[in-house]
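Top line first, the protein sequences correspond to chains A and B.
In this text, residue positions in the first sequence follow the working numbering: the first is 1, and each later residue adds one.
In this text, residue positions in the second sequence follow the working numbering: the first is 1, and each later residue adds one.
The hints are simulated quantities; they were obtained by calculation from the structure and are not laboratory data.
Be a bit skeptical, because a hint or two may be false.
[To be verified] Partner residues aside, some chain B positions facing chain A, computed with beta carbon under 10 angstroms:
#1 G182
#2 D185
#3 E190
#4 L191
#5 V258
[To be verified] Just a sample of chain B residues kept apart from chain A, beta carbon distances all over 10 angstroms, derived:
#6 M135
#7 T230
#8 H243
[To be verified] What follows is a set of in silico ranges between Cβ atoms, one per label pair, in the way DEER data are often shown:
#9 A:R24 to B:S136: 21 to 29 angstroms
#10 A:Q14 to B:E264: 26 to 34 angstroms
#11 B:K121 to A:L62: 17 to 25 angstroms
#12 B:G52 to A:L16: 33 to 41 angstroms
Note that beta-carbon positions come from the ideal geometry of N, C-alpha and C, so glycine has one too.
So the chains spell out like this:
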Amino acid sequence: MAEEQVPPDPSIQQRLADLTDDERLVLAKVADIVRKIQYGTVVLVIQDGKVVQIEMAEKFRLR
Amino acid sequence: MADRSQGSVTLMSDRGRPAPKLSVEHLVKTRRSTSGETVTAVDDVTFEVHQGEFLCLLGPSGCGKTTILNILAGLDEPTSGAALLDGKPIPGPGPDRAVLFQEPALFPWLSVVANVEFALKHVGVAQEERRTRAMSWLENVHLTGNANAQPHELSAGMRQRAVLARALACDPDVLLGDEPFGALDAQARELLQNEVQRVWVESEGRKTFVFVTHNVREAALLADRVLVMTAAPGRLLEEVRIHAPRPRNLDDALVARVVSEIHEVLMGEVSKGGST
């Protein structure tokens, strides 16, 4: 029921087109990490509405 | 010492990456128990540590992490497998690898500054330079006012700070720590953790640190890589690579998350091993 009350999202393409250059840069960096690691955590540190740091921990099972 | 002062030649591995500073290859260590049985302390452990890395070996009590550190320090030998420094078998202890033990091993008959100077003498620092260098390191660990005190006059935290100053004054390539802050109160531990982080950052990739700990928070706070070991016999279970700037804080979201994940893995091992 709750899902029906959420207004429909604009198309993904539109949302991507609306991104600022800074936002694209952050997303590109996050995508790089996601492509590189199999298991882990990514943390974005935000100050004054801007991503100032991207931190990451990557896990490997050794046995 | 002449070899070290010339600067070490960077060895390149087959793939073009610099050869590891330390490597442990299929290391096995067994011991004979008092009842005559053979006990396996470390079972087929393999890992590398590259120059400039900060590695923490983490595991439940009795998992063999101290044994591995002692072998890297040259204080013990593998039963089989190999432990290498710059690609060569570790011949024994050496001034290129300083060791911090849990109990501060200061000479009780020497003052704090004389303890540091003794180590500097041992690595060949000229007499006229020793006092300045010793005092400079004592200042870094906030012990200037206690330089002339005897070790028994200091608190446990201050003694461990003196040991850290003595180790770092000798400018070792490798710093090995065997739960060096385990017996300290929270404030003393934090001060020393910060000091170790500062020294490691300022070495700009020149110094390699390997610490053994059972303190998950300490590992997540300090290390680039955490190797989590199984309960005895010790094997490697999981590796966590942490990419976060220093100095880190236990409240940092990534550190907190890593602590919680490793803690979960470790608790599973502790319950399996039946040790504390």
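Could one say that the CB atoms of G52 of chain B and L16 of chain A fall in the range 33 to 41 angstroms? 39 angstroms, holds
Taking the CB of Q14 of chain A and the CB of E264 of chain B, does the distance hold inside 26 to 34 angstroms? 41 angstroms, violated
Per the CB criterion, is G182 of chain B less than 10 angstroms away from chain A? 24 angstroms, violated
Please settle this one: H243 of chain B was flagged as non-interface, so is its CB more than 10 angstroms from every CB on chain A? Given a closest Cβ separation of 4 angstroms, the condition is violated.
Beyond 10 angstroms from chain A, beta-carbon-wise, is M135 of chain B? 37 angstroms, holds
Does L191 of chain B meet its interface restraint, that is, does its C-beta lie within less than 10 angstroms of any C-beta in chain A? 24 angstroms, violated
Non-interface label on T230 of chain B, tested against every C-beta of chain A at 10 angstroms: Nearest chain A Cβ is 8 angstroms from T230 of chain B, so the label is violated.
Satisfaction of the hinted span 17 to 25 angstroms by the C-beta atoms belonging to K121 of chain B and L62 of chain A: 43 angstroms, violated
Confirm or reject the claim that R24 of chain A and S136 of chain B have a C-beta distance inside 21 to 29 angstroms. 48 angstroms, violated
Checking hints one by one. Is E190 of chain B an interface residue toward chain A, by the C-beta closer than 10 angstroms rule? 21 angstroms, violated
Restraint outcome when D185 of chain B is required to lie within 10 angstroms of chain A by C-beta distance: 29 angstroms, violated
Quick one, is the V258 of chain B hint okay against chain A at 10 angstroms, beta carbons? 5 angstroms, holds
Of the numbered hints listed earlier, those contradicted by the structure are 1, 2, 3, 4, 7, 8, 9, 10, 11.
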